[in-house]
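Residue numbers (the numbering used here), protein chains in the order written: chain A, 1 to 696; chain B, 1 to 662.
The hints are simulated quantities; they were obtained by calculation from the structure and are not laboratory data.
The model shown is predicted, which means the values in this text are computed figures rather than measured ones.
Don't take each hint at face value.
Using C-beta positions, here's what the derived DEER-type ranges look like [what the hints assert, rightly or not]: (1) A:691 - B:133: 52 to 58 Å; (2) A:691 - B:613: 23 to 29 Å; (3) A:667 - B:563: 40 to 46 Å; (4) A:253 - B:278: 52 to 58 Å; (5) A:667 - B:278: 43 to 49 Å; (6) A:674 - B:272: 57 to 63 Å; (7) A:674 - B:320: 46 to 52 Å; (8) A:691 - B:281: 26 to 32 Å; (9) A:663 - B:281: 37 to 43 Å; (10) A:691 - B:320: 33 to 39 Å; (11) B:563 - A:691: 56 to 62 Å.
Here a beta-carbon is modelled for each residue, glycine too, at the ideal position from N, C-alpha and C.
One letter stands for each residue in the lines below.
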Amino acid sequence: MAALYESYTLCALADTGPEGTRAIEPDRDRDRVVITESGRAVTVYKVSDQKPLGSWTVKQGQCITSPAVYNPPTKEYVVVTDEKVVRVWKDEDISIEKAFKATVSAEVYRLHSVPDREPLVLFRHGAVRFLDSLLAAPQQTIEEVLSEEEVIRWSAAVQMEQQLVLLFSTEQRGQHCLYVQRFSPNALVKHRLETDSTNSTPLSYAATYRDGNIHLLYLFSSGSVYESVLQARPTVPAVSGTVQALPRSLLLKLPVGEGELTAASALPVDESHIAVVGVPHPLAGAGKDYLCLWNTHFQTLQAARELAGKIYGQLWCFSGKLFVPHGKILSVIPFECQKSSLAAAMGKLKQTSGTNGITLSVWSCIDTRRHNNDNTLIIQLKMSTRNQSSCPTAEQLAEKIKVGSEKEVQKQVEEFLHGSQPEELQLTAGRLASALVMRCQADPTFYPQAAFTQLVQTNYLCHSGCPDLLVLTLEKNDFRLCQLCLQLFQDIPEAVTCCCLKTILSFQDSELEQVDLEDGLLFMKALTQTAEVSDDGDSGQHNGFSREPLALDMSCPVGLHKGALLNEVLQVPYSDSLLLPHLKDLNVPQVLLFLQYLRFLYLKYSQDAHSRIPALRKPTVTQIMDWVCLLLDAHFTVLALTPEAKSLLTSLHKFVRSQVKLYSELGKIEGSLEALKKSKQSREIGQYSIEVIELF
Amino acid sequence: MGEFNVHRVRFFDYMPSAIRALAFQPQRERIAVARTDGTVEIFNRADCFFQEKVIPGRQQAATEALAWVGDRLFSAGLNGEIIEYDLDNNKTKYTIDAYGGPIWSITSNKQGTHLAVGCEDGTVKLFEVHEDRIQFERNLAKQKGRIISLSWHPSGSKIVAGMMDVIHIFDTETGQSVQRLLVDRGVGTSRSQECVVWSVVYLSDGTIISGDSAGKVKMWDSRTGTLIKSHQVTKWDVLTLSVSQDETSLAVGTSEGHVVQFQFLSMVLGQEDKEWVRTRTFKNHTHDVRAVLEVNTAIVSGGMDTQFVVRPLLDKIDERGQASALRNIQFPHRRLVSCARKAGLLLFQYPGHLELWSVLTVKRKPEKLLHLKIKGEEHICCSAVSPCGGWIAYSTVASFRLYRLHCENNNVSIIKVSKLPKVLSSANQICFSSDSSHLFVASTCSSVHVAILNQSGCKFVCTLKPKSGERFYLVGNDMQRVIYCFRMFQPHCTVPVHSSGVSAMAIHPTTNNLFMVHADQQLTEYSVEKKQYTDWSRQVQRHGLHSLWLERDTPVTNVTFNPKNPAHIVLHDMYMFCIIDQTLVITRLPNTRSQFYNQLTLRSMPEKERKKHSHAFKMCKIFKELLFVELMEDQSLVVVERPLMDITAQLPAPVRQKKFAT
């Protein structure tokens, strides 16, 4: 899972100046960045404090043509003004003008700082020099590697274990090439970059070093993100003359909405996540002002943030923070990417009963999303032969859903579900559900409950396939369907889980009594009944231990129906860190009620009443404890100040204290048993000892 | 009984060497064990696996295989030589070079007429076995690659050879290869490595069984040359195979340390069709099992971890007894430590050197006085230090040496006694008289040489022949199990023969009774004066010994007496030492109803009641892995321990380590 955290503004952006020279470079430590702005100013910022540490400007009339970089070995800053003048200054220097300056003989494209090494200078025509060797003889002749018309579009230096590689891409009459410059021995390899099938152009590049290879990621204006892997050491020396196309793999196909992307950028943030700016959110129409985190393994959108103002299509990432210029400000957005695995993607506590459903739902969610974006899938569906002519195609059905009456739609969906192959259903269930949900949202009187139930029960539906379904059930107070969704969807976002929880808690028990909740209800009934039985019946002793002290207030604080629904919420997979912020939305009475219920459950469980109840789904003790902890974490200060909560907190505290005591006692027993075991073993004796034994 | 000061010594770094080969002689029930240092040991299966003989090894010996031909034992090794052993005199009889490079295997045919050796150069060489020698007969067709393993068909007309990636069947008449069986390599990374056929077995029904480095046991049909069945036994190597006499059971040793048993069983009850089925897995070793034997009722195995393990097959044993116990022989059944009781010195015998340590000085730490390296390649076969601490003697197969030792404070000087009598050329046992005035050397041909020791040197006195001592010197001849007693250098009497070999014996200094402990754990005491068993001995025999005493699986290796109390006899084996109080035995010998290991119970009792419950056997199990126990002059005990953990720590890492829950 990945998440974007609260953003903050690092600085305001100046209006003037060419955009191309705006750049952010790392400074000496993780918390400092060098920002070159407006073609004239270089500012060093301390990111966590959001304040500038130093700022230098060039004289009126001069212009910074290559962003300033920090040179770690000499602790100096280097910048190029007016394409040929290299300026070097230190932190203490007040003015750039008074600092060292050298004029070189060719136009510089870009400076690249490399950790622990001299910065690299890339000239406009492709030549590369280390800064120290260049400054030693500034007027040395610089060879021309590229032809006149070939223009460098992007460049980057990648530091590998021992080796340094400079990559730059060029454009020449719509032809894009990638050059790979290696050092010692110097070698320049040229690759052709294939463009997409349409006449799209690469918008952004990013190169990272990982597992011994350079991973080059590039985003096309068509929304395709490609990855090419360059070996750190070239295995075959490049054959001169022939320029080979760089092998690539499609990593992700981003939705582009209408038209092509213009200003967008993609940046890998870890092995399986990329950050994208300037690409529309798949569910939010055509607006391109989004920052999105995508998981490339599962092709899922992990987090998104709408950005105000103009998007420049620029994006940097240093030490767990994304730097995005938008509108008139530069925002810093901290983010977190957890290790990407299916389990993590699914959240905690994945349900064992539905393992089969998990994989299916992931795929169906991808399929449906793609389906929304391009029409290939529909064509496939049309082409697929149908065994029942009477059965409508998904396409026809979707059309019908838009206009048909509730009964008609209901009937059609039923027919469709009966007549379709499982594979087809997998592809179309999400689309049908989305269509139904859209109709319901548009037309408040339209609500085909049975159709939804059937769709959900196919097991091919998941939350990402039709994100609004669960919210819709809450709006319509359809708790039966809500329960089904909670049971069968593996990928409910924490926000929605909390939303469900809130709605359930705020409902009156009397209103819920009409809902038929089947198995969950039976469990609740059994749970409350066993309390009575064990209270009067066999409350006898177990191993000489009487349970009397634990027989606290054992009446269930919520109605059976509410309890059953809450149990479903308890079993929904989630991630702690992502759930916590949303839990704060609950108000105090809701929290109190929920806590009371959780305490009730826990006390019941500690009497091991639950193990005697046969039920397919029931929350586990760990799930209950996790939720108690999360609730307390989220609301502790509020609860501490609420008089009503006092008795509840005291009883929980008392309970926890007794548990802690029990475990510490158990620990002592363990310790003494361990000691007993050790005393049996022969003690360590050296090479020689004198002992006294007595024989009788 | 009282208190004892115990010197607990752990600085004897005894390190047994790994077992390389095993061979079984079914008529005499002897098992020959070859170790990597060239030592060959003979165990008697019928006599509780007692280690009867040890033929010391030598440096750079690289014994690879053993073969019995009748009563004669042959070995061959990577130095390219075939050795026949002289089992009467515990030495090499002769050595001949096979001229084929290193020899990987040697095997004899069932008729006992020929030996076949497999050489590095790809030849199988046949040797004819004569009365006193073996004679090279001819080479079978030379193959490319080394011959790793060999097996004769019981008829003697065919021989199967395991090589790299291939198995050849030779006709011994024509010498030609009649079948060539290709062996698959392992999968994965081992695909590129040659598959070594470590072991082959040729059964009388024409089945060939092979074990290879891909971890497979394969059954082949030799007539058609086809693979019948392949069993993946391990991920690593199958190193050794052994089939039982009746060819119904097969033991497989792997480099994981497992021994796997296969049995020839009919798949459907009552039908004739039989198949080799994997039945049992034994995990007694931590390292490579280099050799395994199917010995009727047990599987004997040995390997890198130096242990000789006898695993009984309980389905073939009807009653509980010595045969049904799992045996794990780690220490030799003889003494490697000798002790100067008066001087408080301990002599440790290593294969290539001797170490002399002083103990018994309570104030000072024990220190190493002497490190005596021997000359030549031969390993030491026996050594002794005189009770006064003034003489050290040791012997290898080739030479006998005697040293005069002077210890004063911290100054140790040693002088080699140069002029030794010529008869003292080698020894199987060395013994000093209790006053250190005489030296007894048990030598070849069952003779004992006697010499007088004095300041000037060593003077030969006489040779005691079986038919012809200082007072009461004795030598046990284990082969014939006849014990002769000599008195005043004249033969005195013959001790009645007991069915089991003597593992330790000693003559009581005051009563002149000969106390013997046998490999089957029986105790006997023989009065030399009266030439008959003593009353105590008869009583013990009548009562019978406690079952817990009889169930111990290591033999007693040393018997000594308490100089202060003549009724006390000190015995020890690997796991316990015991003081037998002969005064108690008349009234209370431990019978099956009484508690045998009762020291802890007695400790908790009031003094008056102790007498009621105590019995003659004062067992002490505080010390484990004992190599030596001796009661010194000052009534203190010296206990030499060698913890098995320390031995294990010196072994190389095993291929597979058992991890929890794997």
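Against the structure, the hints come out as follows:
A C-beta distance of roughly 57 Å is found between residue 691 of chain A and residue 133 of chain B, which places it inside the suggested range of 52 to 58 Å. Separated by about 25 Å at the C-beta atoms, residue 691 of chain A and residue 613 of chain B satisfy the suggested range of 23 to 29 Å. Look at residue 667 of chain A against residue 563 of chain B: about 55 Å separates their beta carbons, and that is not inside 40 to 46 Å. In this structure, residue 253 of chain A and residue 278 of chain B meet the distance hint of 52 to 58 Å, their C-beta atoms being roughly 54 Å apart.
For residue 667 of chain A and residue 278 of chain B, the Cβ-Cβ distance of about 46 Å falls inside the hinted range of 43 to 49 Å, so the restraint holds. Checked against the hint of 57 to 63 Å, the C-beta distance between residue 674 of chain A and residue 272 of chain B comes to roughly 59 Å, which is consistent with it. Separated by about 36 Å at the C-beta atoms, residue 674 of chain A and residue 320 of chain B break the suggested range of 46 to 52 Å. The hinted range of 26 to 32 Å is not satisfied by residue 691 of chain A and residue 281 of chain B, whose Cβ atoms lie roughly 41 Å apart.
For the pair residue 663 of chain A and residue 281 of chain B, the beta carbons lie near 41 Å from each other, so the given range of 37 to 43 Å is met. Checked against the given bound of 33 to 39 Å, the beta carbons of residue 691 of chain A and residue 320 of chain B, roughly 36 Å apart, stay inside it. A hinted range of 56 to 62 Å for the beta carbons of residue 563 of chain B and residue 691 of chain A is inconsistent with their spacing of about 21 Å.
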